[in-house]
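Student: Protein chains in written order, with this note's numbering: chain A, 1 to 112; chain B, 1 to 114.
Source of the hints: derived by calculation from the structure; they are not laboratory data. Possibly wrong hints are sitting among the right ones.
Here are some of the chain A residues that sit facing chain B, going by a computed Cβ distance under 10 Å [said to hold, decoys possible]: (1) Asn26; (2) Thr34; (3) Ser41; (4) Phe46; (5) Thr53; (6) Lys54; (7) Val59; (8) Ser61; (9) Phe63; (10) Pro65; (11) Val85; (12) Leu100; (13) Gly105.
Pairs of lysine-lysine residues, derived as DSBU-like cross-links and limited to a Cα-Cα distance of at most 35 Å, are as follows [to be verified]: (14) A:Lys54 with B:Lys65; (15) B:Lys57 with A:Lys69; (16) A:Lys109 with A:Lys69; (17) B:Lys18 with B:Lys71; (18) B:Lys18 with A:Lys54; (19) A:Lys3 with A:Lys69; (20) A:Lys52 with A:Lys3; (21) B:Lys17 with B:Lys65; (22) A:Lys3 with B:Lys57; (23) A:Lys52 with B:Lys18; (24) B:Lys17 with B:Lys69; (25) A:Lys52 with A:Lys109; (26) A:Lys109 with A:Lys3; (27) A:Lys3 with B:Lys71; (28) A:Lys69 with A:Lys54; (29) A:Lys54 with A:Lys109; (30) A:Lys54 with A:Lys3; (31) B:Lys17 with B:Lys57; (32) B:Lys17 with B:Lys71; (33) B:Lys18 with B:Lys65; (34) A:Lys52 with B:Lys17.
Being a predicted model, the structure only gives us computed values, none of them experimental. Just so you know, even glycine gets a beta-carbon here, dropped at the ideal spot from N, CA and C.
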Amino acid sequence: LAKTTQPISMDSYEGQEVNITCSHNNIATNDYITWYQQFPSQGPRFIIQGYKTKVTNEVASLFIPADRKSSTLSLPRVSLSDTAVYYCLVGRLTGGGNKLTFGTGTQLKVEL
Amino acid sequence: EAQVTQNPRYLITVTGKKLTVTCSQNMNHEYMSWYRQDPGLGLRQIYYSMNVEVTDKGDVPEGYKVSRKEKRNFPLILESPSPNQTSLYFCASSLEGQGINGYTFGSGTRLTVV
């Protein structure tokens, strides 16, 4: 199973772009990378998912280099409401190997 | 509305008194899982289930039991709760594996064992 490493915390200001990098050196060929957002006392919420290169949706972009040993979640123009914990998860989309560990995540704090 | 429903949201109990936290999903998902979340430790997987009657241990299964008799339900059972099981618990489901668009999580159950 691919173990992930993220920074424990990051600080930013409203309107800035925030990039959170996740390291997953042991990622397997069939693994996808998924990012979640969690607010206090709420369940994590899916943000974005990708396999390689770049994926973009209405809330974020995900950059995955060719070797796939890391990935970067990019949040454009953050606001106070983006203050949350962000988790990177690596694993197969289908089939077995579902002992999936979220890790401790990255606490993002956005200030005025 | 597609959702994962956990009950109860809050529970205070005493050491040794058996309890069950229910989890139900209405998305016909095959995969369901239980996590506990403690300060500084992130989300740790307790048990997961690939389908009906198929369950397996996660990272921290000690002191917990689960069952999957129906596709939609995946209850978490604490036969003899202890104070170190005081935690915030989340149930999650997905179509299979990690799932396209990831897991759907419940709102959580905050358990206190005194």
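Student: Determine which of the earlier numbered hints do not hold for this structure and return their numbers in increasing order.
Tutor: Of the numbered hints, 1, 5, 6, 7, 8, 9, 10, 14, 18, 23 and 34 do not hold.
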